[in-house]
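Chemist: Below are the chains, spelled out letter by letter.
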Amino acid sequence: NAGVTQTPKFRVLKTGQSMTLLCAQDMNHEYMYWYRQDPGMGLRLIHYSVGEGTTAKGEVPDGYNVSRLKKQNFLLGLESAAPSQTSVYFCASSYPPSGRPQETQYFGPGTRLLVL
Amino acid sequence: AQKITQTQPGMFVQEKEAVTLDCTYDTSDPSYGLFWYKQPSSGEMIFLIYQGSYDQQNATEGRYSLNFQKARKSANLVISASQLGDSAMYFCAMRGSSGGSNYKLTFGKGTLLTVNP
Chain A
1 NAGVTQTPKF RVLKTGQSMT LLCAQDMNHE YMYWYRQDPG MGLRLIHYSV GEGTTAKGEV
61 PDGYNVSRLK KQNFLLGLES AAPSQTSVYF CASSYPPSGR PQETQYFGPG TRLLVL
Chain B
1 AQKITQTQPG MFVQEKEAVT LDCTYDTSDP SYGLFWYKQP SSGEMIFLIY QGSYDQQNAT
61 EGRYSLNFQK ARKSANLVIS ASQLGDSAMY FCAMRGSSGG SNYKLTFGKG TLLTVNP
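Protein sequence lines, in the order shown, are assigned to chains A and B. Everything in the first sequence is counted per our numbering, starting at 1 for the first residue and increasing by one. Everything in the second sequence is counted per our numbering, starting at 1 for the first residue and increasing by one.
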């Protein structure tokens, strides 16, 4: 059981370049999430998905797009990277929390992105 | 809207002593869950403990316990017998129960704990 994996682990981009971050989970979770972590800010939700083929905006969605074509994968795209998107990106997954209030989210190891 | 406040940017504790990390929250949801996560320097997020708003007893998990005071809206993490490996960033998070908040976790800004030998 690999849990939640993220690819790549680290990436340097130039302003204006695009890239896709891949998240994969093998726990058959319905829900998947993308967060960003900035110094002194905690984790903030970018986008999330409650099932295959569905996505929704979180707290800080601007400049990002996502897709969930397969249940086990959740992709985060940056179409035109900006220095403000320099951050550590975490993917997480969980079962639907309804009826399982103690259900935690399981986090991937993170992707460090530097935009120059 | 939900809010988590962690007022201690950094804390120091001597090895083998107990330490309390503060967390206060604000929500209008009738029921909610509170979580604590540990983030060591390696970066991964590790789930530590959960407390439900209607749980009668404070949650405990090994050396971790949660001092839940609902009237004060506080959910402090207590680590007993601190170890060097406890040095990490600790995040408090909440999940609500209303339609727009029953899936997402709202995080505090974290407390950096340093355990001194």
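Treat the hints as calculated values from the structure; they're not laboratory data. Just to be clear, a hint being listed does not mean it is correct.
Simulated DEER-style distance windows between Cβ atoms [to be verified]: (1) 52(B) x 12(A): 23 to 31 Å; (2) 61(A) x 28(B): 31 to 39 Å; (3) 85(B) x 109(A): 23 to 31 Å; (4) 98(B) x 54(A): 15 to 23 Å; (5) 95(A) x 8(B): 40 to 48 Å; (6) 44(B) x 51(A): 19 to 27 Å; (7) 61(A) x 9(B): 23 to 31 Å; (8) 14(B) x 52(A): 48 to 56 Å; (9) 56(B) x 86(A): 39 to 47 Å; (10) 18(A) x 52(B): 14 to 22 Å; (11) 71(A) x 12(B): 28 to 36 Å; (12) 53(A) x 44(B): 24 to 32 Å.
Backbone N, C-alpha and C fix where the C-beta goes; we use that ideal spot for every residue, glycine too.
Chemist: Now tell me, hint by hint, if it's right for this structure.
Modeler: Status of the hints after comparison with the structure:
no., hint, verdict
1, 52(B) x 12(A): 23 to 31 Å, "violated, 43 Å"
2, 61(A) x 28(B): 31 to 39 Å, "violated, 24 Å"
3, 85(B) x 109(A): 23 to 31 Å, "violated, 18 Å"
4, 98(B) x 54(A): 15 to 23 Å, "holds, 19 Å"
5, 95(A) x 8(B): 40 to 48 Å, "violated, 32 Å"
6, 44(B) x 51(A): 19 to 27 Å, "holds, 26 Å"
7, 61(A) x 9(B): 23 to 31 Å, "holds, 28 Å"
8, 14(B) x 52(A): 48 to 56 Å, "holds, 50 Å"
9, 56(B) x 86(A): 39 to 47 Å, "holds, 45 Å"
10, 18(A) x 52(B): 14 to 22 Å, "violated, 42 Å"
11, 71(A) x 12(B): 28 to 36 Å, "violated, 44 Å"
12, 53(A) x 44(B): 24 to 32 Å, "holds, 29 Å"
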